[in-house]
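Please work from the sequences and hints to get the whole structure.
Residue numbers (this note's numbering), protein chains in the order written: chain A, -8 to 104; chain B, 180 to 293.
Keep in mind that the hints are not guaranteed to be accurate.
Claimed, not checked - Distance ranges between label pairs, derived from CB positions:
(1) B/233 / A/17: 47 to 57 Å
(2) B/196 / A/-3: 37 to 47 Å
(3) B/276 / A/18: 14 to 24 Å
Said to hold, decoys possible - A few chain B residues that don't get close to chain A, going by computed Cβ distances all over 12 Å:
(4) 192
(5) 196
(6) 197
(7) 206
(8) 223
(9) 238
(10) 250
(11) 253
(12) 255
(13) 260
(14) 274
Keep in mind that the hints were calculated from the coordinates and are not lab data.
Since this is a predicted model, take the numbers as computed values, not measurements.
The C-beta atom is built at its ideal place from N, Cα and C for all residues, glycine as well.
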Amino acid sequence: QQPVQSPQAVILREGEDAVINCSSSKALYSVHWYRQKHGEAPVFLMILLKGGEQKGHEKISASFNEKKQQSSLYLTASQLSYSGTYFCGTRGDSGGGADGLTFGKGTHLIIQP
Amino acid sequence: DAGVIQSPRHEVTEMGQEVTLRCKPISGHDYLFWYRQTMMRGLELLIYFNNNVPIDDSGMPEDRFSAKMPNASFSTLKIQPSEPRDSAVYFCASSHPGHHTEAFFGQGTRLTVV
Chain A
-8 QQPVQSPQAV
2 ILREGEDAVI
12 NCSSSKALYS
22 VHWYRQKHGE
32 APVFLMILLK
42 GGEQKGHEKI
52 SASFNEKKQQ
62 SSLYLTASQL
72 SYSGTYFCGT
82 RGDSGGGADG
92 LTFGKGTHLI
102 IQP
Chain B
180 DAGVIQSPRH
190 EVTEMGQEVT
200 LRCKPISGHD
210 YLFWYRQTMM
220 RGLELLIYFN
230 NNVPIDDSGM
240 PEDRFSAKMP
250 NASFSTLKIQ
260 PSEPRDSAVY
270 FCASSHPGHH
280 TEAFFGQGTR
290 LTVV
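As structure tokens, then:
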């Protein structure tokens, strides 16, 4: 099943913070976050494995709550370059292999000067 | 490495024609994925291969769609006959095995069926 992302769109001013949520109805092994700019391919941001870890990448970090089957992406002090569509991709807890990611419909993030 | 290479970048074809999309994965990657992206449905997994063998094709929408991977460095996605509703951006991605590995996406093929 496709994970559900919220919000669908966010408009921020440069320097403001944002949180993007990803929720699944099935048990997850991992959550993957990607960013896609218009007309380009999705680009990998980070992977979170079950265990409730939190990761950071400069001013972008994420958490994964395996019990709630939810992940959140945090963007702090947003920059103009953060604009784009953010996708979460999930892999089920079925074990073995590297089955294909199931992506949410994306969250459109617009950063204004 | 040049990354995942897809061709053509753009394809415009008439309804009923056969369309073949091509993908060259990153050397050494064991997994290859085909995705379709539309505004309505987002990124959908169509099929993926492991060591050139199709593992899951449950996302292939109809029998009109077929995919092959004759060797580790080449895959094709074929649509025959094509229909206007097939218009989308088709991405190919490759990765090493494992739940903790990232998928590297190609630049995509924008298909328009008129």
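Comparing the hints with the structure gives:
The given range of 47 to 57 Å is broken by residue 233 of chain B and residue 17 of chain A, whose C-beta atoms sit roughly 23 Å from each other. Taking 37 to 47 Å as the suggested C-beta distance range, the pair residue 196 of chain B and residue -3 of chain A conforms, at roughly 40 Å. Hint check: residue 276 of chain B to residue 18 of chain A, Cβ distance near 20 Å, so the stated range 14 to 24 Å holds. The Cβ of residue 192 of chain B sits about 20 Å from the closest Cβ of chain A, beyond the 12 Å cut-off, so the non-interface label holds.
Under the 12 Å C-beta cut-off, the non-interface status given to residue 196 of chain B relative to chain A holds; the minimum distance is some 25 Å. Distance check for residue 197 of chain B against chain A: the nearest CB is about 25 Å away, which clears 12 Å, and the non-interface claim stands. The non-interface label for residue 206 of chain B is consistent with chain A: the shortest C-beta to C-beta separation is roughly 17 Å, beyond 12 Å. Its beta-carbon lying about 8 Å from the closest one in chain A, residue 223 of chain B breaks the requirement of being farther than 12 Å from that chain.
Here residue 238 of chain B does not stay apart from chain A, with its beta-carbon only about 8 Å from theirs, under the 12 Å limit. Every Cβ of chain A is farther than 12 Å from the Cβ of residue 250 of chain B; the closest lies at roughly 19 Å, confirming the non-interface assignment. Every Cβ of chain A is farther than 12 Å from the Cβ of residue 253 of chain B; the closest lies at roughly 19 Å, confirming the non-interface assignment. The claim that residue 255 of chain B lies off the interface holds: its Cβ sits roughly 18 Å from the closest Cβ of chain A, which is beyond the 12 Å cut-off.
Residue 260 of chain B, annotated as away from the interface, keeps every beta carbon of chain A farther than 12 Å; the closest lies near 26 Å. The Cβ of residue 274 of chain B sits about 6 Å from the closest Cβ of chain A, inside the 12 Å cut-off, so the non-interface label is violated.
Hint violations for this structure: numbers 1, 8, 9 and 14, all remaining hints satisfied.
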